[in-house]
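Engineer: Residue strings, one per chain:
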Amino acid sequence: MHEWVPFWPRNAALSASIIDTINIGEFALIALILVFVFGMMITFGVRYRHGSARPRTAVAERSWRFEIGWTSATIAAFFVLFVLGANAYLFLYEAPRHQDLELYVVGKQWMWKIEHPGGQREIDAMHVPLGSTVRVVLASEDVIHSLFIPAFRLKHDVVPGQFETFWFRATRTGSYQLECSEFCGTQHAHMRGTVTVMRPAAYARWLTDQGVAESLAQRGFALFRKYGCSGCHGTGSDVHAPSLAGLYGSIAHLADGRAVRADERYIRDCILIPQTQRVAGYPPVMPSFQGQLSEEDLINLLAYIQSLSEGPRP
Amino acid sequence: MSTAAADLLQTYLGEEHTISSWLLTHDHKRIALMFFGSVTLFFFVGGSAATLIRLHLVNPAGTLLQPEMYNRLFTMHGIVMVWFFLIPSIPATLGNFLIPMMIGARDLAFPRLNLFSWYLFNVSGLVALYFLFVGGVDTGWTFYTPYSTLFANGHVIAAAVAVFINGFSTIATALNFVVTTHKLRAPGMTWFRLPLFVWAIYVTSIIMLLATPVLAMTLALVAIERLMGIGIFDPSLGGDPLLFQHMFWFYSHPAVYIMVLPAMGVVSEVITCFARRPVFGYKGMCFALVSIAVIGFFVWGHHMFTAGISLLSAVVFSMLTFIVAVPSAIKVFNWTVTLHNARIHFDAPMLYALGFVGLFTIGGLTGLVLGTLASDIHLQDTYFVVAHFHFIMVGGTVSAYFAGLHYWWSKITGKHYPETWGRFAAILMFVGFIVTFAPQFILGYLGMPRRYYTYPADLQTWNVLSSAGASILAVGYLLPLCYLGWSLFYGRKAGPNPWRATGLEWQTSSPPIGHNFLRTPQVTEPPYQYDPRDGSYISQDGIRHA
Chain P
1 MHEWVPFWPR
11 NAALSASIID
21 TINIGEFALI
31 ALILVFVFGM
41 MITFGVRYRH
51 GSARPRTAVA
61 ERSWRFEIGW
71 TSATIAAFFV
81 LFVLGANAYL
91 FLYEAPRHQD
101 LELYVVGKQW
111 MWKIEHPGGQ
121 REIDAMHVPL
131 GSTVRVVLAS
141 EDVIHSLFIP
151 AFRLKHDVVP
161 GQFETFWFRA
171 TRTGSYQLEC
181 SEFCGTQHAH
191 MRGTVTVMRP
201 AAYARWLTDQ
211 GVAESLAQRG
221 FALFRKYGCS
231 GCHGTGSDVH
241 APSLAGLYGS
251 IAHLADGRAV
261 RADERYIRDC
271 ILIPQTQRVA
281 GYPPVMPSFQ
291 GQLSEEDLIN
301 LLAYIQSLSE
311 GPRP
Chain H
1 MSTAAADLLQ
11 TYLGEEHTIS
21 SWLLTHDHKR
31 IALMFFGSVT
41 LFFFVGGSAA
51 TLIRLHLVNP
61 AGTLLQPEMY
71 NRLFTMHGIV
81 MVWFFLIPSI
91 PATLGNFLIP
101 MMIGARDLAF
111 PRLNLFSWYL
121 FNVSGLVALY
131 FLFVGGVDTG
141 WTFYTPYSTL
151 FANGHVIAAA
161 VAVFINGFST
171 IATALNFVVT
181 THKLRAPGMT
191 WFRLPLFVWA
201 IYVTSIIMLL
211 ATPVLAMTLA
221 LVAIERLMGI
231 GIFDPSLGGD
241 PLLFQHMFWF
251 YSHPAVYIMV
261 LPAMGVVSEV
271 ITCFARRPVF
281 GYKGMCFALV
291 SIAVIGFFVW
301 GHHMFTAGIS
311 LLSAVVFSML
321 TFIVAVPSAI
331 KVFNWTVTLH
341 NARIHFDAPM
351 LYALGFVGLF
361 TIGGLTGLVL
371 GTLASDIHLQ
381 DTYFVVAHFH
391 FIMVGGTVSA
401 YFAGLHYWWS
411 KITGKHYPET
421 WGRFAAILMF
431 VGFIVTFAPQ
441 FILGYLGMPR
451 RYYTYPADLQ
461 TWNVLSSAGA
471 SILAVGYLLP
481 LCYLGWSLFY
491 GRKAGPNPWR
501 ATGLEWQTSS
511 PPIGHNFLRT
521 PQVTEPPYQY
531 DPRDGSYISQ
541 DGIRHA
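If you're matching them up, the sequences are chains P and H in order.
Read in my numbering, the first sequence has 55 at position 55, and its numbers run on one by one without any break.
Read in my numbering, the second sequence has 212 at position 212, and its numbers run on one by one without any break.
Think of the hints as simulated: they come from the structure by calculation, not from any bench.
Do not rely on the hints blindly, as some may be mistaken.
SDA-like cross-link-like pairs, simulated, lysine to any residue; straight-line CA separation at most 20 Å [as the list claims (entries may be wrong)]:
1. H:Lys283 with P:Ser72
2. H:Lys283 with P:Thr74
3. P:Lys108 with H:Leu237
Far from chain H, some chain P residues (derived; all Cβ distances over 10 Å) [as the list claims (entries may be wrong)]:
4. Arg56
5. Gln99
6. Asp100
7. Arg153
8. Gly174
9. Glu182
10. Thr208
11. Gln218
12. Gly231
13. Val239
14. Phe289
15. Gln292
Cβ-Cβ distance ranges computed for the label pairs, FRET-style [to be verified]:
16. H:Asn153 with P:Ala245: 46 to 52 Å
17. H:Ala61 with P:Asp100: 34 to 40 Å
18. H:Leu129 with P:His253: 56 to 62 Å
19. H:Thr461 with P:Thr194: 21 to 27 Å
20. H:Phe192 with P:Arg97: 56 to 62 Å
21. H:Lys183 with P:Arg47: 41 to 47 Å
22. H:Pro456 with P:Arg121: 38 to 44 Å
Note that the structure is a prediction, hence the values are computed from the model and not measured.
Ideal Cβ placement from N, Cα and C applies to all residues, glycine included.
Here chain P stands alone, though its shape is the one from the complex (with noise of 0.2 Å):
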């Protein structure tokens, strides 16, 4: 669409369309009101220099009729752009309910893994199918990085200690730059990749082609037997302990008298400090597995329990 603009970055995905559509209109809106300002400076600037024989009055202006005039208008268009860039903020904040897919990005210093949930795995390099409503998870191992796709228009900061998501669906196939935009040490600059869009039908090939054996899903519950979580959680366990199956996306209810969404968020909290968000009616048995599991391996037990739910898998 701006192809023809040197200085305008390519629109690939919905977002971006949103967000130049909004940049646009105040960017014509700045444009408007500097050709004012500067206007009324040049022109009184002109007139009223001091060697001009225009004759000047005493002043003795009533100035609070102007100043109510432009305080007013100043609000009413603020108040117009506020609305505008909230709108779209708040329908870029939350994802669709359906979504197509699933991604989950770990950050660490100085290099993006990205893991798709059939367990195909890339690093500085994220493939993503055309038109598809796509939900990231995000997740650092060590300090905050900041995911920035520009021709999405669309940055999310990847905090350690929690997982954040944003969502995208891409419009547009080619190759894009992947940025780090939050400052993580030496190497910040070199944390780039690419995003590539592919059509549908090219993205299922490509993931066959990548040969991996073994999901997200089948890996978590791998960790899951492991790390004993089965023993509990597990179907015919006599350990009085919620279960999962349809726990992801439900509203859980705790013992504090609090009721939160099953989201990434709260799975992470549970499997780390499980005494923060104990369910109402279970006793608080739940052993926290902090520092023992990598970033990772969160993801991949939250893919296995995600999994369990009819939720967004594809």
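Please build the complex by placing chain H on the supplied structure of chain P, with the hints as guidance.
Structural biologist: Chain H in isolation, oriented as in the chain P frame:
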């Protein structure tokens, strides 16, 4: 008036000439000059880092400097420019010199505290120079955790100590200004007769007093986590990395207003004087300053829109960000309309001040784009942000600093600066600034992140343009150093009131005598009683000058 009599007395510069008469002085004017020396040194330290950064970025492969060195340089540039130049620049130099003079006082309320503040500043400056020489620090001036507490290899503690001590200097000076403005105003100098510069410094001082302690706490917590391994910000120790950002920006966003409100004060003085008419909407200007200061404390979350804060806080912070922009817009309108029905002299201070208005307007408007939630997702942490805040802090504050320096130069030194050179430098700085930073808006929109020592080759053109602009800017900044220095020795001798201005500081000799005034002035007039019909004015002590 007895300016002629004052000329016969010794000026504050001529009273004594020993080194100890400077190092142990209690005179706010001498301390202002000593601050001027300190911040000028740091301005060129920070500026040389910027020069190296721009030189390095000419080549997309980034081969001039090692990445470690590049990261240390932009960190040093940020730390030095923010805490050792911008924050003290106008308040500690012009504010120190002018606040007592503008309100008709003999000195600040606590002269010894003022001197102590200068020593604190220099101690912190020495610590800063120490950490620079032993290897620097590579966290960025923002010290984001857990990078700064666990992973950075530089001298984070030394840098934190430097900024920590620096904060106490800021607090001491701010306290002094607040008390002085409350207690030492000359008879008749009511609040609504205060020059806008005094209002600006007063309001800035309140922000300094309330915000700076939070920075000290935050840095202390970083040091505790780094030295003792107590989990505060590091999630693997049970801390919360976003807590740091909340605390840091709770200080650092108001700090933006610490940097820019004094500049607004300077520009208000200059524009009205050179337009030869009262400033438009004086009271509106006062209220705008106060409301910026108050609302400015509630917008810090707009630095964190992509950091994973809740939807509700994002929406609230965005709305408050738009609200805080309203009083700034009012000020721009008022300055502009002050040019209407005026008799404008385009001397160097006026050129700098008009440059401020233009660049500040661009900086402010692009700030609106960043405050717009959806737009910020794309622009956060890119060069668009870099360009935006340089327009505010360099295009804005530094331009105003130079406006003030030229405007009050004759008052401070008793000498005229060479006018042609002053105008030339003002235009050079404006052009150099635009060429340096306008391309960075484009770079940011194209998706170039901040703090990259190497970048995709297709962004080179804009980077080269920006670096070319920086070389113009560098010449622009070196020029005043030369011709202002020259004027100290060879400049034409200035009279008490060369700009025919209304403020009390102009109703005494240039340079002023030791305690500023022979007799305490009686204030009978509001500020800025200029008449555009014939250029006459009534000074604040009630005397009409044809």
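Engineer: Given the hint of 41 to 47 Å, check if lysine 183 of chain H and arginine 47 of chain P actually sit that far apart at their C-beta atoms.
Structural biologist: Given a distance of about 44 Å, which is inside 41 to 47 Å, the answer is holds.
Engineer: Against chain H, does glutamine 218 of chain P keep a CB gap of more than 10 Å to every residue?
Structural biologist: Glutamine 218 of chain P clear of chain H: closest Cβ-Cβ about 28 Å, beyond 10 Å.
Engineer: Arginine 56 of chain P: least C-beta distance to chain H exceeds 10 Å?
Structural biologist: Arginine 56 of chain P is in fact no farther than 10 Å from some Cβ atom of chain H, at 4 Å.
Engineer: State, for the Cβ atoms of proline 456 of chain H and arginine 121 of chain P, whether the hinted interval 38 to 44 Å holds or is violated.
Structural biologist: violated (25 Å)
Engineer: Just checking, glutamine 292 of chain P versus chain H, shortest CB gap more than 10 Å?
Structural biologist: Non-interface label on glutamine 292 of chain P holds, nearest chain H Cβ at 12 Å vs cutoff 10 Å.
Engineer: Take the C-beta atom of asparagine 153 of chain H and the C-beta atom of alanine 245 of chain P, compute their distance, and say whether it sits inside 46 to 52 Å.
Structural biologist: holds (47 Å)
Engineer: Would you assess whether glycine 231 of chain P, listed as outside the interface, keeps its beta-carbon beyond 10 Å of every beta-carbon in chain H?
Structural biologist: Per Cβ check, glycine 231 of chain P is outside 10 Å of chain H; nearest 26 Å; holds.
Engineer: Take a quick look at phenylalanine 289 of chain P and tell me if its Cβ sits farther than 10 Å from every Cβ on chain H, holds or violated.
Structural biologist: holds (13 Å)
Engineer: Quick one: work out the minimum CB distance from arginine 153 of chain P to chain H and report holds if it exceeds 10 Å, violated otherwise.
Structural biologist: violated (4 Å)
Engineer: Could you check the hint for me, namely that alanine 61 of chain H and aspartate 100 of chain P are 34 to 40 Å apart, CB to CB?
Structural biologist: holds (39 Å)
Engineer: Take a quick look at whether lysine 283 of chain H and serine 72 of chain P sit within 20 Å of each other, Cα to Cα.
Structural biologist: holds (17 Å)
Engineer: Could you check that no beta carbon of chain H comes within 10 Å of the beta carbon of aspartate 100 of chain P?
Structural biologist: holds (22 Å)
Against the hints set out earlier in the document, violations occur for numbers 4, 7, 9, 22.
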